[in-house]
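Enquirer: Here is how the chains run, residue by residue.
2 protein chains.
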Amino acid sequence: MGDTRPIGVFDSGLGGLTVARAIATELPSESIRYFGDTERCPYGERPQDEVRGFVAQLARWFDARDVKLLVVACNTATAAGLSVAQRMLDIPVLGVIVPGARAVVQATHTRRVGVLATKGTCDSGRYRRAIHALDAGVRVWQAPSPRSVEIVERAVASPHAMGRDWMGDKDYLDTEEALAVAAEDLAPLMGHGIDAVILGCTHFPLLKQVYQRVLGPGVTIVSSAEETAREVRQYLGRAGELAPEGHQAKYHFATTSPELAQFCVAGEYVFGRKLEAVEHVDVADLEALASEGWPL
Amino acid sequence: MGDTRPIGVFDSGLGGLTVARAIATELPSESIRYFGDTERCPYGERPQDEVRGFVAQLARWFDARDVKLLVVACNTATAAGLSVAQRMLDIPVLGVIVPGARAVVQATHTRRVGVLATKGTCDSGRYRRAIHALDAGVRVWQAPSPRSVEIVERAVASPHAMGRDWMGDKDYLDTEEALAVAAEDLAPLMGHGIDAVILGCTHFPLLKQVYQRVLGPGVTIVSSAEETAREVRQYLGRAGELAPEGHQAKYHFATTSPELAQFCVAGEYVFGRKLEAVEHVDVADLEALASEGWPL
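These protein sequences, in sequence, are chains A and B.
Residue numbering for the first sequence follows our numbering, starting at 34 and increasing by one per position.
Residue numbering for the second sequence follows our numbering, starting at 34 and increasing by one per position.
Please note that a few of the clues may not be correct.
If chains are identical, the list can't say which one is meant, so a pair holds when it fits in one copy or spans any two.
Stated by the list, open to error - In silico SDA-like pairs for lysine to any residue, Cα to Cα no more than 20 Å straight-line: (1) Lys307 <-> Pro61; (2) Lys101 <-> Asp228; (3) Lys101 <-> Thr143; (4) Lys152 <-> Pro177; (5) Lys241 <-> Pro221; (6) Lys101 <-> Ala169; (7) Lys307 <-> Tyr284; (8) Lys152 <-> Gln81; (9) Lys101 <-> Arg144.
What the hints contain is simulated information worked out from the structure, not anything from laboratory work.
Whole structure, please, built from the sequences with the hints as guidance.
Expert: As structure tokens, this is what we get:
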């Protein structure tokens, strides 16, 4: 009984490892196959059509690797291409936007919420729509913060990342620069009585402490990562596809990054454990997948 | 700590007691204030605008009664007026369609699902949209069955209802007539590889055994009632508004039915316990609420 096939997790880079980590914590018997498209990261400022094409390539890549469920762990990719992947594949494909929207709607008392995301995700209006599909009476303010992504990306590349557990080491990214950027970028969320904010980018949980300082203690900050992990559990549970308890989970990582060593070092501190099986995938090979016929 | 205010549950008649019952089972410490608009039941064939007006009246009625969360436990009313109630009230208002859509999307393996509902709910397209918002790759077939509502309503009014627990007494509605109607009305769901069907009307759980016989054992039948009860738990839990464990729940019922005794007898067998506090509300008083000013 049970299904020991891995769960696929796809992100534009390392940010989705926050989601993979939440899945590994929530479901310790589940194997995970992760793909980080680091070479083409960030997706946030790219045209929606281009991102949609990337998602289609990755859907094909995962289709050949027998995963039982795929998580599009990047908000920008979810906004642009989730429905494409869902129509392409025979397995359930989950995004991070619907779980995040559920969480923020459930968390608010004032029914005034904030969305902190990349520009692409904000512009897509997907969070607003997902929130209003659940509760038409909730008011939504958005704040794009591309600079938050940059701060996290830069920190990933820094040698100071070595030896740290980012999600555990709460003060690491709590710098003066990060605080100044957050104070500026979060301004659209201030003064409206907002009491719950969704972190609509998988990079952002690493800056949660900084955001909390800016927003104040009365605001609940919700991350898509935990919500998505709970959603994965519900899907697999209801479908009878959870791996049997005690199953030895395996974690496999693939990346388009040519700097495999750096991906391993940085990834370890986002995922919270050593990345042991890491494979390089050439962007050209992904692009070749796109030219193959596919019934869309 | 905790919030002992009741949960409001609103339905066009008795069907929503299947939802109230699921909430009472899932959350035994929670008080419930139920409203059944029996005098104007069924809503299923009425114009959407009219049903929307009814929902607005009931939202006002509940607003004056200090409930902490309101469930619109009628699919037709959810489809027509959920967003109106959400914009009118300061509390969370949950419908039954989104929880049901979640459940059926999670339950299917073939990613081909059926919706069995009233004509109004089918025509509104809300289930199809809610399902596709979660998974654009799931194919949906709909089957309206107004006659199922009639069979249940007639059985409610019958003296044979006395002394029965409808949800427990599985064979009670499993008659030749019900089977013939189900075989005919469920025809649009047959032969498509559907492996999960949502009962998109609160009356229909009472006919679940009949539907299962028609659909066959390989099809999972999902009822909105349990899903909605789980959703209520999530909302209250996350907002810190669950009643403290061991709190003595009180159940209060109101109905527009002029036949209070009959409402009590029939209600008891859907709700699964005696209806002790039952109040009659005049339709004219609800209509008067509609003429009062309200900032919509």
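Enquirer: Can you name, in rising order, the numbers of the hints this structure does not satisfy?
Expert: none
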